[in-house]
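> Residue numbers (this note's numbering), protein chains in the order written: chain A, 13 to 145; chain B, 13 to 145; chain C, 13 to 145; chain D, 13 to 145.
Any given hint might turn out to be false.
Identical copies look the same in the list; a pair holds intra-copy or inter-copy alike.
Said to hold, decoys possible - Below, computed lysine-lysine pairings styled on DSSO-like, alpha-carbon distance capped at 27 Å:
(1) K73 / K141
(2) K78 / K128
(3) K141 / K78
(4) K110 / K70
(5) K78 / K125
(6) K125 / K110
(7) K110 / K73
(8) K110 / K141
(9) K19 / K125
(10) K128 / K110
Derived by calculation from the structure, the hints in this document are not laboratory data.
Protein chains: 4
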Amino acid sequence: MLRNESKIRVRYAETDQMGFVYYGNYAQYFEIGRVAALKEVGLSYRSMEENGFLLPVKSLKVNYIKAALYDDELTIVTEVRELPSNRIRFDYLILRDKELLVEGETTLFFMTKEAKPCRPPQFFIDQLKPLFS
Amino acid sequence: MLRNESKIRVRYAETDQMGFVYYGNYAQYFEIGRVAALKEVGLSYRSMEENGFLLPVKSLKVNYIKAALYDDELTIVTEVRELPSNRIRFDYLILRDKELLVEGETTLFFMTKEAKPCRPPQFFIDQLKPLFS
Amino acid sequence: MLRNESKIRVRYAETDQMGFVYYGNYAQYFEIGRVAALKEVGLSYRSMEENGFLLPVKSLKVNYIKAALYDDELTIVTEVRELPSNRIRFDYLILRDKELLVEGETTLFFMTKEAKPCRPPQFFIDQLKPLFS
Amino acid sequence: MLRNESKIRVRYAETDQMGFVYYGNYAQYFEIGRVAALKEVGLSYRSMEENGFLLPVKSLKVNYIKAALYDDELTIVTEVRELPSNRIRFDYLILRDKELLVEGETTLFFMTKEAKPCRPPQFFIDQLKPLFS
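Only chain A is shown next, with the shape it has when bound in the complex (with noise of 0.2 Å):
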């Protein structure tokens, strides 16, 4: 399994009216989650979009559980329980300390830049492959 926590900082830009953080904010918490996983077996989003391969999202789903404030600092866990296929699965938690604010889930696809679906780079499925034996 591949797993990372990052933590971030709730910026003031992202509250909404209410005092919450907005709920479409989250999405780019999990970017920022799935983002770190891959770093953290040596896959660079960035180099990947580089050299071509471009991973867009499929299926998002969230369930908001506690409201996330200004300021605080949150963990972001991120989890791929299944090597890859065409298609690649991020769980995510967001929690302020222990307490539980947000679970959520993605679905992305490989795709080549000129829009076509693709199957993952090589050199991705071998940097995932020796965590899930």
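Following the hints, complete the assembly by docking chains B, C and D onto the known chain A.
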């Protein structure tokens, strides 16, 4: 059933370097759709909030079928298919002309300004009830 | 002179916990205004970009006079007061009814897709010139 | 003088289809910088707000020199060069390694929760005064 169609135009700020609307930004489009849907039956989300009723989001699901592009004119179709109880569910379609780009759903719940879950205000139910018989 | 008035409605996502539109979001409103101003003389920013001309922002100034609130209908007044050379300056007013909320200006420059500053395309000047005599 | 250096990493959501950080997003980076600068002398913007003092932005200026890119690690240098009166001015530099990308300034003012301009709280001046002698 409550149903609304709203039009928006994709802003440059909403794109990302893939050249698509960033996946998290559809949450904003859904919010525009549901506010417009409520307005259609004389319910102003703004005045509900001024009267002490908040409507935070409990869950979000999104399926991304095709990417929206900069300057696209999009139609947000919003539906409430069941009379709300303490929760209210909205279903969304995002279309470019007749082409379905994204489908989503959100469940929201009613909350007081003191952050306590509560029943919907009576005027809210009164406005919606005639649509669900 | 080139002049455009566009209407927008403040989104919930654009507010912050002060209950105002977040100060950085006016940059998006200005962008909406300048794109609409160019459209008024038949210039599509989208197709300019597809033809290889980018228009990044060189400078931004904003004065915040009064706060815009959630669900406000705002008017964005955009003006180009001088025929553009390699640079083009836009001036903006953001109004709620007749009340001035924000004033701003941006200077943009023309750039090729290879990130080289360049002269504006000839059709761009041709469309604008009649307005500045 | 008050001075702070903070690091951030550019998020995918912050890019636009030009492949650069969207010009309006630097306002968020500046906000991160000024909050960190105040924290350095024991001033929490969050607790100031909880104590009834708001700090809305009065003016913003930005010069864009070079574009920041996805996944760049940026340094935000924030300075307060004069002891604040009813207003407080922050100056910012955004750097990638030693390379200057953006410079900016904001002026903010103190306001009560009832939206009346006011003097800064005494503890605010007490914390800052020793730095400006």
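> Hint by hint, where does the structure go against what was stated? Just the numbers, ascending.
3, 8, 9
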